[in-house]
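Undergrad: Could you put together the complete structure from these sequences and hints?
Chains as they are written, first to last, in the numbering used here: chain A, 372 to 1215; chain B, 341 to 780.
These are calculated hints, taken from the structure and not from any lab test.
Predicted model only: the values in this text are computed from it and were never measured.
You can trust all of the hints, since none of them are fake.
A partial selection of chain B residues facing chain A, derived with a Cβ cut-off under 7 Å: (1) 471; (2) 502; (3) 570.
Derived coverage of chain B by chain A (criterion: at least 3 residues anywhere in the stretch with Cβ under 8 Å from a Cβ of chain A; other residues may be distant): (4) 445 to 458; (5) 555 to 565; (6) 762 to 772.
Built from N, CA and C at the ideal position, the CB exists for glycine as well.
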Amino acid sequence: MLVWLMMACRDDDGAAPPLAELRPVVSEAAGFAPAPVALSRLTDRQWRNAARALTGVTYDGALPLDYVVYGFSAVGASEVTVAPLDLEQYEAAAWAVAEGWLPDALAVDQVTGCGLAATVGEPERALGPDDAALCVERFVVRLLRDAWRRPPTTKEVDGATSLYADLEPEVGPTIALQGVVASALLSPNFLFRVEIGASDPADPSRRALTDHELAARLALVLTDTPPDATLADAADAGALVAPEVLTLHAERLLATDAAHEAMVTFFGEMAELARLDLTTKDNTLFPEWTPELVADMQHEVREVFREVALVRQQDLRDLLTTDVTYLTPALAAVYGVPTPSDPSGRALLPADQERGGVLGRAAYLSANAHNTLNSPTRRGKAVRSRWLCQDIPAPPPGVVTALDDIGDSGTLRDQLEVHMTDPTCNTCHALMDPIGFTMEHFDPIGAWRPRDNGFPIDASGDLDGVFVYGAAELGRAVADHPSYPGCFTRNVWRHATGHLELESEDALIDAVGAEALAAGFRLDPLVLAIVASEGFRTVAHPEGGVCAVEGQERPCATACGDGAEVCVDGRWSGCTAPLPEPELCNGVDDDCDDARDENLIRSCDDGAGVQTCTLGAWSSCAGPTAAVEETCDGEDDDGDGSIDEDLAVDVRQVSHAALVAAHESCDPIGDPSGLYCRSAAHRVCGGGGCGAVSGPPLVAVDADGALAAVTCLTGTEAVPVGTTLGELAIQHGGCTAANVPSPDCNASINRLCAAWGFGTGYGPVELSGDAATIVCTPAATVRDAYYSVLAAYGTGCDGAVGRSGPACDAAIHSWCRDQGYASGHGPLENSGDLLYVACVGGAP
Amino acid sequence: MRRPLSRRTVLRGLLAGSAVSLPLPALEAMLGTNGDALASGSPLPTRFGLWFWGNGVKPTQWIPPTTGDGWVTSEELSPLADLTPYISPVTGCEIKTATHPHHSGMTGVLTGMPYYQLGTVRDTIVTTFAGPSVDQIAASHIGKETAFRSLEAGITWFRGTDEGSTFQHLSHNGPNNWNASEYDASVFFDRLFGGGQDLRRDVARASVLDAVRGQASALRSRLGAADQIRLEQYLDSVRQLEGRLEADIGACTPMDRPGSYPDVYGLEQIEEKNAIFSQMLALALACDLTRVFSVQFSTAGSGVIVWQVGATDSWHQTSHDEADPQPTVHAAVQFTMAQLGVFLRTLRDTPEGDGNLLDRCSILCTSELCDGLLHSNTEFPIMIAGRGDGRLRGGHHYRSGSYRNTSDAVLTSLWGAGVPVASFGSEGGYTTSVISELLT
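TA: Following this line, the structure appears as structure tokens:
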């Protein structure tokens, strides 16, 4: 570890604080719980930087759009996936980079040193087949480690080398190796920052990021580039899990140009500079408005931030009060000042500009104005939302926001004063307009104007009780506002962690912000405090099947035997016990109910009669004779020579013991509609003979722990289908692992079955990890029902107290029976008093 | 029937030195000898389309004055007068899951579901679609045989705010998973018709996709539920691209490569872009490169400045600011309907078999709200254009007197394209009923 400390201090040129000031002390806050981890997709900048770091190739083609959510592409990166068009662009980019790096045989040999291409050109230089394979493998290990920001597994290396071995005879060594590079770049291991963490020995309720995960997170967040060699080596050595070491590396990275670029990009998002690209100005009023001028305005704000916050490490409040500017000739003309003599365009704005810091600059003033007119409302609103983290709702529908046309009789301010008197408007506008009024000396592109509409301008205003005149004073007032440091801290937090802060993080964020403020509110200490905190280094266990102790085993069982499950990456692996299978005519107890080949029946080939199975052998055909109603009781109730035939829908009484035997976690009294009892009903029906394959949620018929009613359906009524929670969530975003079963999942299943042409359905009836089994009911009749009606079928399903669950299962079952059906399930969908239910069996 | 050779088979055959020739028919050669079927013998396909514009209409001037067959155009629909036999307006419907004007309207009409909200830390909501949009439901049924499962074009720029994908994108596969519209005509052209072939490269591409699919599957099992869903979507995208490599080559004689149509002095070249995208889409349909498309003429809550009608501020801003009867908004709606007319006419004037392309389309045309001033989700503007290869009657104005579910109209448009779905939407937006008056 000493090595890393020395390395971190080696380039100490006096700018970095002395060691004593470094932050080995980690901010702590009571009640902290980390956010769930989420894959973070590389941003546009990160992808290009990572590809260049790996290959030296600069890619300038199209990449998927960044998803800016709550102001930050980092937040969107944790939400977004890879859509088909995205993958198309990533694929083209991966191949372009691979070709750029390894354009021909010469380059392949230079990069790999394996003499591969020589097999085509100069065979005498080629390695023997074994040596060549080993050489390729060494190249692959380096490639994957650098591309995926962690050492690859043996299996992953094997995958890449066999890709090469498969392709090489068909397409030659150059394209084959390009393919290996392309596969590394197109892999989710490259496209996403993958963070899984390991069980935190200090606190089993959460997970700690591993060394390589921390290295990747640190480098990508602070520099928009993958870890450099120093950081990667520290990760290999297992040094980064110590917060002191992590902080030292963060400090080292923050001094690099890459970090400055990344932080400038962050600030550009915070200041909403991209909105200028979408802003237009009336061409006749503002002919100077061009894309080049827009770029100059964005450049000014970025460079001011670079100097004040990064190079000089000034107080972040100075951003709103500084006179520093970076002007091009075009922007100097807008400001009405001479072009600075300094080649960088750096100058100090004369005090008579009355602009103050970044809020008084053209970028802010233009983005928050209309096409032809100023908008004090928008200028005020953006101060609240972006710089004080306060939000103002949109105007209510139906309100005409047109300003009274006062002709030539006054200023825009005079028109807007109406907002301040109209009671519909003034609650919100009193929070915005008085801020914007202070910037009225600047027109829609941010140029100074002495008069508005021919009248003198009143630039007085107020920010939460502080009197302000002009933009410079406004900047001071916002900087001194009690919400400003906390808001800035929250913005850095969102950017650094890639998510909106949770309530469980609030106290920690406040503590981090307060510490930074006490130390002079400089950017690097603020970032370092966040990096050192638990919020940056730990994550919550993944949802679904949470277990705390890695490798822990516990027993589990099915009707077919005992098994075990293991805690892997915070989740219980599937049970190793064998699962019951549908009974077949094979002399074996497939469904593990202690009966072999029971209740098996099939039609004869001529369709006239039926055969039954006894210990692996089918009987001879017996002709049918109709009589009384058949039930699944092993008896020939209708005297047709067949036992339990044609029972498409059969309501059976099943003992609670049988249900628990089918799924040990089923609690038929406490939670008859839960996932486990659904599985139990499904299994009981499937293994219970009469051709049934499944059953909808069961209905408790007595509370004494004896019997439940289960509606069993045969294959004509029920089609079990394998799907995934992912597929279900696409149909309804509310259907997640934490929410099974639920009305949301019912809706998902309803839609999915409908989409497959199977009517509707229910479930899930089995769930293992992401894999779910649902049952579609193609023959069911979907009926409108009303909670107000169902309420009469027993308490608990009245649309208010209950909208789904056991009471509703029972009510729907009874209601469908009253409509002439055998049973039913639902709600498929519901809204207000209305719900859709699926009735099965019989006809109205 | 002999299954056509997949592209990959052809490629492998070439590499192995056998004498399989690349099928590269010109447009005419794609049709069978009678001109009423594709060369493969399959019947001419029916297409589903979505044509969307933002900020709604001025209902009193948009709703046609007569109902039933042979409807008469209103003032705002007058640019479509020559197309009325192909168009069925559906009026008087409402979004059943309305809680926010733009967001509910957008997701309500296109998915039949409420929106899916991301976080709740501020008043301005940030949302995405909870499920696939109607075009992707169509694509999952009728988009599998073509090189492109669906195509997405955008005409006027997104000039909106940071309110999630609902505000920026039209076509969605699911939450936070959209099919971005292409706004650059030359990029769109290159994606459809450009790009030379490199046979050895294409073999390698297929193997690389195989390999990354394996990597993704291995990673998937180690993730939490939400991330598993995201990775599943990555896998879906890989499968789609593999499908593209496998698809029959739908080559045809392309038009000249268009330019990019950048803004001129900040003014968008809306008419020019709309015309060229209309031509490219018509060509893509005629060549059977796709059977599902969407056109995002403008985004939900669009900030487009329709300078062509004298507007000096964004449409959305004007719809709040302008006093009733909002002459500028009215003119912008009329302009937009004229652009829709250009698109539909391009399809109508492209012959195919015994009719034209519009005869074999079902195109849902709609917005995300009714009246921009009121930001209302009732009296929703909807039209279904095309004859759906005989499934749609066309030329009928259906008016609901009882605020029918907008999903009924959407489901009708799906049936119009022969998409075999029994229901659309969920919760309040759920429906299994279609507007039978519009179907044959």
